[in-house]
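Same order as they appear, the protein sequences are chains A and B. Numbers 1 to 516, taken from this note's numbering, label the letters of the first sequence in order. Numbers 1 to 304, taken from this note's numbering, label the letters of the second sequence in order.
No false leads were slipped in.
Distance ranges between label pairs, derived from CB positions:
1. B/Q199 to A/I129: 22 to 30 angstroms
2. A/Q36 to B/D60: 48 to 56 angstroms
3. A/V25 to B/S98: 34 to 42 angstroms
4. B/N171 to A/L136: 56 to 64 angstroms
5. A/P330 to B/K58: 43 to 51 angstroms
6. B/G238 to A/L136: 20 to 28 angstroms
7. B/Y294 to A/T86: 53 to 61 angstroms
8. B/M113 to A/E476: 35 to 43 angstroms
9. A/E476 to B/S303: 52 to 60 angstroms
Result set (SDA-like, lysine to any residue): computed pairs, CA atoms no more than 20 angstroms apart in a straight line:
10. A/K114 to B/T193
11. A/K114 to B/G55
12. B/K36 to B/L304
Since the hints were derived computationally from the structure, they do not count as laboratory data. Ideal Cβ positions, reconstructed from N, Cα and C, are used throughout, including at glycine.
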Amino acid sequence: MKNIFYSLTGLIGLMLFTSACQKDVSNRTSNLPALQSSNLDLNAGTWKPVLLSRPDSFAVAAPVATTSPLYTADLFEIKALQKSLTRDQENSIKYWAAGGVMRWNEIMRGLVAKYNLPVVAGTDGTYAIPNTANPLAYPLFPFTNPPYAARAYAYISAAQYDALLACWFYKTKYNRAAPYNFDSSVSAKFVNKTVLPSYPSEAAVLAGVTAEMMKLLFPGEIGNIQNIAIQQEQAAIMSGAATRADVTAGEALGRQVAEMFIARARGDNAGKAVGTPTDWANFVDVTKSQGLIPWISLESPQRPPMLPLFSKVKPFLFDSATVVSLRPDPPPAVGSDQMNKDVAEVKQYVNNVTRKNIGIVEFWADGVGTYTPPGHWNAIAAEDFINQNYSEVRWARNLALLNMTEMDAAIVCWDVKYHYFNARPSQVDPSIKTLTGIPNFPAYISGHSTFSGAAATILGYLVPENASKYAAMAEEAGLSRLVGGIHYRTDCEVGLSVGNKIGGYAILKAQNDGAN
Amino acid sequence: MKKKTFLHFSLAVAFSLVAVMAKSQTADDAIMMGKKQWCNGLTYMYSGWKNYWEGTLKRDNKNLGTVSTQSVMFMSTYGITNKLNAIVSVPYIWTHASAGTLHGLKGFQDIEMDIKYQFFGTQFGKNSHLLLFAVGGLSTPLQKYENDFLPMSIGLGSTNLSGRLTADYQNGIFFATGSSAFVWRSDITIDRTSYYTDQIHYTNKVDMPNQLHSNLFVGIRKPNLIIQAQLLNMYTFGGFDIRRNDMPFASNQMNMTSLGGHVKYFFPFLPNLAIVADADFTIAGRNVGQSQMYSGGLYYVVSL
Numbered sequence: 001m002k003n004i005f006y007s008l009t010g011l012i013g014l015m016l017f018t019s020a021c022q023k024d025v026s027n028r029t030s031n032l033p034a035l036q037s038s039n040l041d042l043n044a045g046t047w048k049p050v051l052l053s054r055p056d057s058f059a060v061a062a063p064v065a066t067t068s069p070l071y072t073a074d075l076f077e078i079k080a081l082q083k084s085l086t087r088d089q090e091n092s093i094k095y096w097a098a099g100g101v102m103r104w105n106e107i108m109r110g111l112v113a114k115y116n117l118p119v120v121a122g123t124d125g126t127y128a129i130p131n132t133a134n135p136l137a138y139p140l141f142p143f144t145n146p147p148y149a150a151r152a153y154a155y156i157s158a159a160q161y162d163a164l165l166a167c168w169f170y171k172t173k174y175n176r177a178a179p180y181n182f183d184s185s186v187s188a189k190f191v192n193k194t195v196l197p198s199y200p201s202e203a204a205v206l207a208g209v210t211a212e213m214m215k216l217l218f219p220g221e222i223g224n225i226q227n228i229a230i231q232q233e234q235a236a237i238m239s240g241a242a243t244r245a246d247v248t249a250g251e252a253l254g255r256q257v258a259e260m261f262i263a264r265a266r267g268d269n270a271g272k273a274v275g276t277p278t279d280w281a282n283f284v285d286v287t288k289s290q291g292l293i294p295w296i297s298l299e300s301p302q303r304p305p306m307l308p309l310f311s312k313v314k315p316f317l318f319d320s321a322t323v324v325s326l327r328p329d330p331p332p333a334v335g336s337d338q339m340n341k342d343v344a345e346v347k348q349y350v351n352n353v354t355r356k357n358i359g360i361v362e363f364w365a366d367g368v369g370t371y372t373p374p375g376h377w378n379a380i381a382a383e384d385f386i387n388q389n390y391s392e393v394r395w396a397r398n399l400a401l402l403n404m405t406e407m408d409a410a411i412v413c414w415d416v417k418y419h420y421f422n423a424r425p426s427q428v429d430p431s432i433k434t435l436t437g438i439p440n441f442p443a444y445i446s447g448h449s450t451f452s453g454a455a456a457t458i459l460g461y462l463v464p465e466n467a468s469k470y471a472a473m474a475e476e477a478g479l480s481r482l483v484g485g486i487h488y489r490t491d492c493e494v495g496l497s498v499g500n501k502i503g504g505y506a507i508l509k510a511q512n513d514g515a516n
Numbered sequence: 001m002k003k004k005t006f007l008h009f010s011l012a013v014a015f016s017l018v019a020v021m022a023k024s025q026t027a028d029d030a031i032m033m034g035k036k037q038w039c040n041g042l043t044y045m046y047s048g049w050k051n052y053w054e055g056t057l058k059r060d061n062k063n064l065g066t067v068s069t070q071s072v073m074f075m076s077t078y079g080i081t082n083k084l085n086a087i088v089s090v091p092y093i094w095t096h097a098s099a100g101t102l103h104g105l106k107g108f109q110d111i112e113m114d115i116k117y118q119f120f121g122t123q124f125g126k127n128s129h130l131l132l133f134a135v136g137g138l139s140t141p142l143q144k145y146e147n148d149f150l151p152m153s154i155g156l157g158s159t160n161l162s163g164r165l166t167a168d169y170q171n172g173i174f175f176a177t178g179s180s181a182f183v184w185r186s187d188i189t190i191d192r193t194s195y196y197t198d199q200i201h202y203t204n205k206v207d208m209p210n211q212l213h214s215n216l217f218v219g220i221r222k223p224n225l226i227i228q229a230q231l232l233n234m235y236t237f238g239g240f241d242i243r244r245n246d247m248p249f250a251s252n253q254m255n256m257t258s259l260g261g262h263v264k265y266f267f268p269f270l271p272n273l274a275i276v277a278d279a280d281f282t283i284a285g286r287n288v289g290q291s292q293m294y295s296g297g298l299y300y301v302v303s304l
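Sequences and hints are given; from them, build the entire structure.
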């Protein structure tokens, strides 16, 4: 009796004790070691850029002589900082030391997840459209749905790549030793010492190019992004890897390169992708005129289709004619034997939900409030790239390849979706209930499958030892949409195959950019 | 002190946007089984909401319609001594949305085990008393059900430890019971490798904020009848608000207050059989559904 009382008291005591303890859920990438590039890729200035016509399209003046008092003053700044680093400053250096491209990719995925919320219906049953000129008013701009996100990742990654390529060009041209190599009283704090020249600073190039791109892509985040950019630059200086002058030159170069990408983005037709009510009605009319059942929104109230004119966006890997040429044969018509079979299969899956299947569905759902399927593939790629010991410029090149592939996959996939404008399983058979939200656009071909097929193909080329893993993941991503009840098998299989073809264009680019 | 020969089962299931509160609330009352008395019961519960709070904003959602949670719960209580009871409950739960396309889920949720101890009791005159109880509880999922498909998930998947204090005052047939439990919730694992709360997280582990569950019962209590009004409150220490038009998530700050009633009656011709009925209506909340809950059950007491 007493014993039980004591154990009860003990239990409560234990509980209060454990509750006082910090519950610690930390990110997988919180405590990564500093980047240790197995190859500094000192020839990256000779690689082929995405948009730049030459690596020195933007001039970077020669650094001041190391004998100059300005340079000495820069070294003093580092030494003074290194003498009294706070815990926060140390953590900031460690955070960025793991890799600037990787960190910005993580930040970018976070922004996509933050903004990936469809606008709620107004009282009149219509949906407001986010306004780039007023990003902070509801609905916030942007709505980072998968095509928007794919394009945003692509522009950021491609701009980072071109900017770092130019950075590497000037690094080897001016061959300025890093402060920790030049002056023995400057240490390499929490970074690995390398012989990579420090002028201009690659960290600052990244900060500059990314912050500038974000003005276009996430205009409501300019203040936050600017703070992060400054932290990255400050971390580079405190680590002993760069001087103030290295940083200033790097940031300016990064911002200039970004301007080129921003100019391209402003003219790439994405701004018109929402379409007009006339466009929306036209898809219905065209489909009906072919004697087919047009897609309808299954949301209540019905929502206009997501970015129906995204197919007109200018791709990175090929021209717009190729987009059309990649269009697969039509999906089975509603009412055909094949379609009846496809619908029956979907129904069979949702009527027999297994724990394994729902786990696959939620793992790959990448829907509202997430970083989207392209973001998921960025996460997969980044976590594998961490083990590859890339240089920053190779990180940027590989993510640029991945994200240009994903953007073009979005363009091709959206072209197919709106060309055929076919119904989701739950439209054909309303008794089909789904294990994830039904995306608000036509079924054929599956976006997940297209994104995943494309990503797996280029990633399999970049990291060949993982090629079969990526292929299996892509297949599972497609399957998740079938067992989740939102796609037919045909959508997934054809999507995967179209995605693989798009990935093939990326491999061609990768084979010819001089980085191998 | 008068020996209670029956139990009170007020089942406040589906308090919230999900069926997180599917738990025995016998831990929160002041009724004890006598030594070697064993009570077993089954309760059916329906809880549904059409409106919910997205953060503090109350809204409906035509893509969900009315989201309902139903459950059948088995509960067993044993009197180890007159002052020490052990309680176990196991709910089977199924969910449904009346509109939109989201698929309902079903399955066994969390087993809950409580040890309830009356550590203080005093009489005032002939008809009145004050009792104090301490309750230690543990609940844990019976299976790894899907916890990342809210509001259709049957539960959140955390293992919870709770410590409760209860005070009961009775004067004649009138009584009041006040009770509060601190609920420590373990981290949970989800099927995704990343999620967004008020920032991005690159992990499949979710930190679940702890909770306080409180209740106040006022009513009449006779040997064969209890009728009470009840005020229930759940408060979450931390967590985040559902963003505009986002989906709910396990670590949201789920707060709610409901008002309801409870009746229990022992049939004169079958003195070991009790029928219980509950109704609770959510009157305030945050990141939860404004649920209307009804339940009914039968309990049978045997002396071993």
